[in-house]
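Could you put the whole structure together from the sequences, leaning on the hints where they help?
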Amino acid sequence: MNDICKIYKTLYKIYGPQGWWPFLNYDSKNNLNSKNIYNYHINDYTFPKSSNQIFEVCLGSILTQNTTFSSVVKALKNLYVIDCLTPEKIQATNIEKFKKAIKVSGYYNQKSNYIMAFIKFYNSLDSKIPTRKELLNIKGIGEETADSILLYGYNQTEFKVDAYTKRIFLELNLINKKAKYKDIKKLAEDSLQEITKDKEELRIIYQEFHALIVKHAKQFYSKKPYGVGCILKKINLNYIFIQ
DNA sequence: TTCCAGGCAATAC
DNA sequence: GTATTGCATGGA
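Going by numbering that gives the first Met the number 0, the letters in the first sequence line up with residues 0 to 242, in that order.
Among the hints, erroneous ones may be present.
As the list claims (entries may be wrong) - Calculated cross-link-like contacts (lysine-lysine; reagent style DSBU-like; alpha-carbon spacing at most 30 Å):
| # | residue 1 | residue 2 |
| --- | --- | --- |
| 1 | K165 | K181 |
| 2 | K138 | K185 |
| 3 | K73 | K214 |
To be verified - Label-pair distances were calculated between CB atoms; the ranges are:
| # | residue 1 | residue 2 | range |
| --- | --- | --- | --- |
| 4 | Y39 | M115 | 26 to 36 Å |
| 5 | K177 | P224 | 16 to 26 Å |
| 6 | N32 | D197 | 27 to 37 Å |
Think of the hints as simulated: they come from the structure by calculation, not from any bench.
These figures come from a predicted structure and were not determined experimentally.
Where a beta carbon is used, it is the ideal one built from N, C-alpha and C, also for glycine.
Structure, rendered in structure tokens:
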């Protein structure tokens with residue numbers, strides 16, 4: 000088995016399915032559940048279940064750029080309070096009011112512009128699935144955010160690479176320091192084909208793998224020196240370098 | 001106080 | 001095309 004698959008299987012064995020993407024949690028009266036504002040959906044891969052949830056992933060993917068998801072949830076809660084969680088309502092809302100709501104997630108001036116630009120595009124989609132190229136053409140949507148939207152919002156088989164992914168692969172000598180986003184994405188996607196070539200099965204693996212990486216990295220790869228106590232360092236890897 | 005968080009665009013070479 | 005810098009809040 001190749002190294003990437005070994006890592007995936009090891010993490011899955013330790014942590015189990017993660018149920019990403021987490022969604023806002025509403026009660027039967029359609030109010031935000033104040034005790035559990037959001038929740039994960041372990042072993043249910045039929046999400047998102049509505050266009051509202053698709054849009055929620057898009058919004059969250061932009062808001063979570065370089066910040067913690069807990070801050071994003073606070074921003075989403077603020078948006079819920081001012082009834083501003085759909086494209087139409089956001090566009091109809093005073094921009095300063097919108098900025099104030101998302102302020103807690105940081106970079107709020109930029110992110111509000113990014114979200115407005117995204118909504119303009121989103122409205123033009125007419126419920127179609129966006130292409131990666133289209134997403135990358137929007138100001139504020141880079142490779143990771145595009146893959147996040149496609150993988151978790153539209154269930155497309157696109158591997159999402161983040162800073163943790165690169166950090167772990169680098170620490171395990173699976174890539175070199177200069178590896179680009181697309182290099183790491185290709186390594187992961189090519190490697191995981193060893194498990195299955197079925198697109199739908201791979202999509203689920205991509206969704207879980209990214210979530211597992213974040214879960215594991217928060218514990219072992221947030222503080223320097225990275226990887227202290229990391230079990231991945233103890234499994235036998237083949238060390239396939241990429242150029 | 002310092003460091004980091006589920007990045008991106010603009011700018012300078 | 002590669003490296004650097006500004007963007008910003010909140011928690012550990």
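Run through the hints listed earlier and report the numbers of any the structure violates, in increasing order. Those not satisfied: there are none.
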